[in-house]
Structures are given as C-alpha cells and as structure tokens.
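Residue numbers (the working numbering), protein chains in the order written: chain A, -15 to 210; chain B, 4 to 583; chain C, 2 to 199.
Don't read these hints as lab results, they were simulated from the structure.
Quick reminder that beta carbons are idealized off the backbone N, C-alpha and C, glycines included.
Hints are supplied without guarantee of correctness; some may be wrong.
In silico SDA-like pairs for lysine to any residue, Cα to Cα no more than 20 Å straight-line [claimed, not checked]: (1) B:K398 - B:Q483; (2) A:K178 - B:M177; (3) B:K398 - C:E24; (4) B:K398 - C:V7; (5) C:K46 - B:I399; (6) B:K150 - A:Q188; (7) C:K31 - C:K59; (8) B:K208 - B:L222; (9) B:K493 - B:D456; (10) B:K504 - C:A188; (11) C:K46 - B:E401; (12) B:K398 - C:E20; (13) B:K398 - C:S45; (14) A:K178 - B:G188; (15) A:K143 - C:P56; (16) B:K162 - C:P116; (17) C:K166 - C:F154; (18) C:K46 - B:P396; (19) B:K162 - C:G90; (20) B:K398 - C:H17; (21) B:K398 - C:G49; (22) B:K386 - C:T180; (23) A:K189 - B:A187; (24) A:K189 - B:Y153; (25) C:K169 - C:R85; (26) C:K46 - B:I485; (27) B:K386 - B:I399; (28) A:K178 - B:P186.
Take a look, some chain C residues computed to stay more than 10 Å from chain B by CB distance [stated by the list, open to error]: (29) L23; (30) I26; (31) G38; (32) K59; (33) P109; (34) T111; (35) G112; (36) A191; (37) A197; (38) A198.
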Amino acid sequence: MTPPEINSPGYEIPAEIRNQVNITTLDRVYNWSRKNSLWPMMFGLACCAIEMICTAASRYDFSRFGMEVMRPSPRQADVMIVSGTVTKKMVPQIVRLYNQMPEPKYVIAMGACASGGGPFKEGYNVVSGIDKFIPVDVYIPGCPPTPQALLNGLITLQKKVETESIKSARWYGRRPIQPIPIPVLGPDLMDPRKYGEIRELARQKAEAEAQAAAEAAAPAGEPEAG
Amino acid sequence: MTEQTQTTYTPDLAARFPEWVTPDSRPGFSGYLVQREHLLDFCKTLRDDLGYDLLSSVTGVDYLPEGKLEVVYHALQTVGGPMLVFKVQVPRDEAVVPSVVSIWPGAEFQEREAWDLLGIRFEGHPDLRRILMWEGFEGHPLRKDWKEPYFEEEVKPYKSRWPDGQVERIEDRMPLQDNVQYPAGFDPESWTPDGDESLYRGLRKLLEDSGSELKTDRLIVNLGPQHPSTHGVFRMVAVLDGETIVDLKPVMGYLHRNHEKIGERCSWLQNMPFTDRLDYISSMSNNFGYALAVEKLMGITPPERAEYIRVIMAELTRIISHLISIGFLLNDLGAFFTPVLYAFEERELILDIFEAVSGSRMMCNYFRFGGVARDFPEGTLEKLRELIYERLPRKIDELDRYLTRNEIVQTRCEGVGVITAEQAISLSTTGPILRASGVPYDIRRADPYSIYDRFEFDVAVRYHGDVYDRYLLRLDEIRQSIRILKQALKDIPEGPVISGKPQWQVRVPAGESYGRVEGPKGELGFYVVSNGKANPWRYHVRAPSFINLTALAPMARGGKIADVVVILGSIDIVLGEVDR
Amino acid sequence: MNGFGVIRGLAVTFRHFIETYLEDIRAGRKRYHTPEGIAQRTSSKVTGAFTIQYPEEKMPVPEEFRYIPFLVYDEGENGAKDYRCTSCGICAKVCPPQCIWIVRTNDPVTGKPIPAPAEFYIDVDICMNCGLCAEYCPFDAIKMDHDYEIASFDRFKEHIYNKEKLGKSAAYYASIRPTNNAREVAAREAKAAKKAAV
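Generate the whole structure from the sequences, applying the supplied hints.
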C-alpha cells in the first residue's frame, strides 16, 4: 500500500497503470523514508526522561512512528530529545553528544526546562534553554509534557522533515559542517564563542569595583586630610 | 505512638556532658549545641555508648545576621525512636569543623556537599572536593550573601510581576544574554579548566601498585554521564585491574538544579510543587515529607480523611517506585525492556489515578499544609479497589513468577554487591538497602508519622545484603504496601480533606523542624528553619538516593565492572534527588 | 532443576504474547478507535495490547488534568470578551517559578486601579503546570487547560502567551471541567443570593 502523501500530483498517470506506478519527487521519497525512521537518542536528563520512557513504553508506544530504536550512542541517532533541565555542568557533554551525531540530525526541546530554563531557570547551575548552544527544531511546552504531548511534538518534527529539500540540505553542502564549540567550565560556564565579551565584562566589573572601592575610601580619607 | 518509641531512652546530654554541650535554647529550636573542639569525642560517645549508630543527615545553615555558620547533625538509633539533633556553630569567616567521617563514614558525601554549597571546611575529611558543582566554580552558592546572575529579589513574590508586570525574558537584560557571571578582571584565555584533575589525582595513586605478581596495567574507566545504565546523568569513575574494580568514585551534580537555593526564596507553599521534582518518580512521598516538616512547625494536623488519602497516595507511590526499580534492575542485567514494560503497564494504571486525583501524572503537587488539595473525584475509590484487590496482587505474583527463580537473574544477583548490616548502618544507608542487609529499620514503624501506627504490616527485611535480596525486599514491600492499602481503603472515613480554609500564605512560627518519611528509596527528610517570615530561612532535603550512593563504592570494590551496573540499579537512585 | 526458572519466565512472556491476539479477537473491531475500546484498554481489567494509538485516538484526560493555564472570559454582546480576571495579583504572587506578569489597568481619569488586567502574560517556558494559580484564584478567572498539543517551531515568538492567547471562553471551560464548573457556578449563585438577601 502506498501512503497517499508520497504520490505526487501534477502528472497525468494513465488509468491502466495507476496502480502500478507512482510518480513522485525525489524529495518526497527522501523525506518520507527519513521521517518514518527517526531514531531518538536514549538520553535522559531529568523528570521529562521518565515521560519519554513512558512514551516508548507500551501504552503510547512510539515505535508506531518508526522510532522504537532508541540508541544510546549518538553515532546512530537522528533525534536528540533534550528531556529535562540542562545544567551548566552537563551542557559540555550535551554539546559534545550533539557534535557526535551524524547529519541529518534534529533536536527536540522537551518540556519547559529544555526550552527556556523552566521552573529552575533562576538557579545558578541552570542553562536558560538548550537553544543557547545547539539549534532546536521543535519545542514542546509543559512540565513535564505528557506522553501524548511528546508524541505530538514528534509528529510536529515529522512535519518539519517533510518540508525539507534534498537540494538545500545543509549536510550535502560543499563545505563541511563545523562542530559547535564545546563550552568550558570556568568560574562559571564559558562559551568559547564569547571569550571576548567575557573578558570585556570582567574588565568592566573590575573597573566598577575599583571605582566603588575608591569611593568608599574617599570619605574615610577626608578626615585624615583635614 | 507505639510502645517502643515511648520507652526509647532519650538521655539528657547537657547534664551528662556539661563542658561539651549546651542545650539549644533558641525559641522553636531543639537539640544541643556542641563545642567544636569536643565534637569528635561527643560523636564517639553518642555512637559507642548511647547507640546512635546511624548518622542520618549533615547539613549547614548560614545565619548571616549573627555571622555564624551552623552544621546540623541528625543521628538516630536503628532500634527505633526519635532523632537526636546536635549542632556546631562556627564563625562565618573561619568555617572549619572536624569531620565525622572517621566515626560515621556515611557523612562523607554530605560533608562534601556542605563544603561545596556553604563553604564549611571539614578537617580530616579524606576527599574534600566539590560534589555538586565543578571544581573551580566561583563561590559557595548557599551562603546568604552569594547572589546568582539571575538574582532579582531576596524573596518571592517579585515586585516586577504585579501590578505593572514588566514582562521580559530575564536573560535579555543580562550582558551576555545568559545565566553567567565572572569574577572581576577574569580572563578566559588564561583559564585552565580543572578537567577532573583533582578527581583523578586521588585515583592515580591506585594505578601504581597493582601488587600482584602478574604484571598488569590498571586503568581508569569513566561510565557516564551519558550511559544507558546510569539512570540519568550520573557518572562513575572506576579504577580497573583487568575487569575487577579496585576503586570507584561516583561523580554527581549533572542535574544540580539549585533546589535549596530556590527553596529559600520561595514561600512555604511555593516549595510544594518543587518537591515533586526531587524524586520525580515518587512525587507524592516528597510532598508528604515536606508537608510533615512544615506542619510540625505550624502545629497543625490534617483531618482524618486527609490522613488516609495521604497514606494511600504514599503507598501507591512506593509501589510505582519499586516496580520501576525492579524493571530497570532487570534492564541493567540485560533483559532489555520486557520487564520494564510490564512494570510500566501497572504504573500507567496507578498514574491514571494520580492524574484523576491531582491533575498530573508525575508532578502531583497534591499535598497542602493541613491536608490535601482536593478530595478524590467520584469513582476513584472504586477504581482503586479494583486495582488493589484484584489486579496488583495478581500482577505482582506474575512478576514474581517471571523473575524470581530465573537462574540468570539469580546467578547475576546473588552474592553481588554485598554490604553487611554494620557497613550499611555506618554508611548511613536507609530504606531498602538497609533492610536488605538485615536491619529492620522502617520509619513507619520506628518513628511512626501520620497514621501508620494504625495499620498492620510487617517491616520487610532480608539478610544477605546483596542485589538479589534488595530485589526480593522490594517485592516484599510492594506486597506490604498492598496490605496497608487494603486496610486504608476499608477504613477511610468521610469528611473534610483540609483543616481550615485553604490558604496561599501560611504563617509559620520561627523555629526548626525535621520532617521525615519512609520514602520508597529510604529516609526522606526535610530540614526547614523558619524565622517567622513568609519563606524558609533554610530548606534542606536529606535525599535518600544521594546518601545511599555512599555505599556504592564499598559494594562495587572487588567486583567485576559488569556488576557495577547491576549494583547501581539495585541502589535505585533518581538523579533529581541525588543532585537536587 | 536448572533452567526451569527461565522457562517459567518465558511462559509468562508467551502468555502475554498470546493474550494480545486473543483479546483482539474477543473484543473485535470495537477495540480500537472507539470510546468504549479506549475505556476498556485503560481500565484495570485490560489484558493484551493496551496501546493508545495517538493521534488517531486520544486518551481522554481526566477533569482535573492540568497543563498551561488560561484566562476565562464570559462572552458579552457582539463577541466582546469579558475577562473574569480582576488583576488582584494573587496568581502572580502564588506562582512558584514566577512566570505570570500582570499589568493592572488604571482609570485614565482618576488614575485609580480598576479591576481588569490591561495585560496578562505567562511565559510557558517557565510555567511548571502546578495549578496553584487556578487553585487560589478567588474569581474563577484563571484555570488549567487540557490542551497539550502545543508543540511549536519557535519559542521566541510564541512562548510568552499574552492575554489574547490565554483567553478562552467560559463555555470552553464548562466543557472541559463540567463538575468543577457546576460547583463554582452554584457557589457564585449562592454568594450572589446571600448578598441580595443582605
């Protein structure tokens, strides 16, 4: 049986061969086959990971979408479901895992924490959304998103895959795709892309502190001078 | 109250050690203040002469206005009875306290945590490194004068929310559009990251002396933080001699979500949904512990029906947690997914009830101070009866038949990861780990809370202390939980589910309180300090998974690398609770 | 006997496998894609496969189910939205992660606040779906929604919900939470009657 969406309209197919021949575009076949075998990475971060496991378990069962093969190794995965709070201590590993995934790769930010920091956003060890470091394709709000909400997100991702074209795909581009620089754990999290800004910021802070110290010292110094 | 707890001997320590301790006489506080110089002697006496063999919790409190840091210890007797709390006060600028690891090895991780978050240095600690944050992080975050980059105000609610809500994403007003801050004059180019150097330094010593006649190379192997066996973002660093584990160090903090710092800013009620996210598999029992701690301070008790509902929810949670634990243990053994799927089938049915009652499958946020949020909707009790009288017992028997006598399970689990009763006590383990080693310590019996003294149940206990016994013990506990549930369902009265009117601002008198429940993973304790204001001054979680992990290295030493995965599975950690 | 335990375990899995087919045959066509079928598969009597085949069929959510909050408005004349919210600010104060921003309306003449929100924002990337705002709202104005199908491609444009996006009609509220709504309507009427009597 041919799924209806793969059959490309616009061409007149003679009635006698209508059941034997499908005319389609390469893009559609390509996208159709990719979207039905999106293998997620077995990668749980926090609470949402349990809902992700529930989605994989019998009641919701995302193998119905060709996603049953959860791969613990990034080398064999297509989708990274960032399922939970991204902490500063963990983000270097997440970026590294993302870099290790082969193209085409997709990222789903599952839940409020992965999307934008979530309820723990104000915390000192929490990254305000994984999209600060890696590009995200689909955001699923909720804390935690129920399994059906995650399935809805996965279907949304499939819709995104459908719209892509083999001609403009970045992974067939001439130039190799540069990996994302891995953040460094310093006195706080440091993005290597922002070293200049960090230095500038620290310099400003030092100046402000020096000025404040000078101001604090000035009134104390006055009586002595007088 | 049972006979046992009433007759427990609680000595008057201030009279006994007049030069070492003074009673803590601040209003609302209890216990003793111990002088720093005499701490070790005092602890030794407590353990050896007075029977306080298990040190349950060590934490610190920053009393900024008084310029003091306080280390708070909670010790208990494994024969049962209330806890003993004692404290050591030190000046903030010279925060050094002798380490009690030599007396209670279970204090190791907790002292490291207090060093990491509060900057209390423990003299004589064998391996005092940061535990939740990374080495090199600037500052000790739980100190009251330490401010995070996204700091808005000391306490919630923030003024910018109402009446003129200045809506923005907070990162938009940060200089780097991110949650970061750096010390003045810092240069990132000149920074050399620690890169776990301090962690490996301790382990490298072990690499050198293999000691055997056969010349073997020892090596360091990292498992995690992204590893399918670690149940989340947990990491183990093992020193291997061949396949044998010489030593192992757990590394955590990859899910450190600053629960306590946020908790000190939230109002009392606002913390309730945050507790859901500690041990996210058993949110109801987290609610329970926190509600108990705050109710103790407020001096209120919930109405009868609410007590029954609480017990029903807590026991259902225990069943869920143990089912998952058993399922994933089998997963770790290599029985990939079938047992987990069977466990999840039952879990889904229980979660349906949670969802119908509380509104959410996992993050129930159901308990309130003085009761629960709402009564059972119509039809819930019938559903529960069907589940508890018919389905669950049948399914637990099926699970038993399916796994228990399986020879592969037996060979892989029996005699693996053994710890003795003495070790289990000294390492401060609680819950299934402790009981599987032959110590019948269950808070529901030893220091009954809520209405547990009304139910008939046995404290499950097994004696070998290996992985297999921990598995069997969890099965036993599920059966006991079903027994409690049957009684609770039979006796549940009609009536209100919350005492007084539901309030979003509660008045909590000044004082300290430690509420503890027998969570599915062990003793879940909430240590809260109130100064009479709308939010806690200190909010600390004694997380059972975190402290049970102290036993991981002793269990794994001498075993094979493949067994570590199983041992970790049998400890049953949840990273939300380990890292908080 | 060695090996017997393994065989016995396999018998359990085999039974599960057979039951899947038996149950499908026994229940026939109405097992899938019908409300009775879903109810049967989610009850505690279920045997065999119990997968809910989302998106073709959806697991009905219970009345108390909560996801993102929404603002209830009563429909006035000409489709005017009469928000129940009085911008009292309790929800913003009780919200644990502080994800609610309310702008109170001030009377343009007197400058005094009037009980209606000029704007109301919720950042769903912070919201923890705890339901405290709905629980403590004294005017039944903010409630927890049942709609979970809100995945999006861009959070920066879409994830701070404003008053327009948060608003849903009272009829919608009554449809997702009939029991709660009936109780609240009765309570409001009783209050109004009491007020009238005084």
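Non-interface label on A197 of chain C, tested against every C-beta of chain B at 10 Å: The claim holds: A197 of chain C sits with its nearest Cβ about 24 Å from chain B, beyond 10 Å.
Closest CB of chain B to the CB of P109 of chain C still more than 10 Å away: 15 Å, holds
10 Å cut-off, C-beta based - K59 of chain C kept clear of every residue in chain B: Holds, since 14 Å exceeds 10 Å.
Hinted pair K189 of chain A and Y153 of chain B, Cα distance within 20 Å: OK: K189 of chain A and Y153 of chain B at ~16 Å, within 20 Å.
Interface-negative label, A191 of chain C against chain B, beta-carbon threshold 10 Å: 16 Å, holds
Exclusion check [T111 of chain C not at the chain B interface, CB over 10 Å]: Correct as stated: the minimum Cβ-Cβ distance to chain B is 16 Å, above 10 Å.
K398 of chain B paired with Q483 of chain B [C-alpha distance capped at 20 Å]: 15 Å, holds
K189 of chain A paired with A187 of chain B [C-alpha distance capped at 20 Å]: With a Cα-Cα distance of about 5 Å, the restraint between K189 of chain A and A187 of chain B holds, given a limit of 20 Å.
Least C-beta distance between L23 of chain C and chain B, which was stated to exceed 10 Å: Correct as stated: the minimum Cβ-Cβ distance to chain B is 16 Å, above 10 Å.
Satisfaction of hint between T180 of chain C and K386 of chain B, Cα-Cα up to 20 Å: Within the cut-off at roughly 19 Å; holds.
Restraint status (C-alpha distance of K162 of chain B to P116 of chain C at most 20 Å): Distance of about 19 Å is within 20 Å: holds.
Pair hint outcome, K178 of chain A versus P186 of chain B [Cα-Cα no greater than 20 Å]: The given pair, whose Cα atoms are some 16 Å apart, holds under the 20 Å limit.
Every hint, counting from the list given before, is met by this structure.
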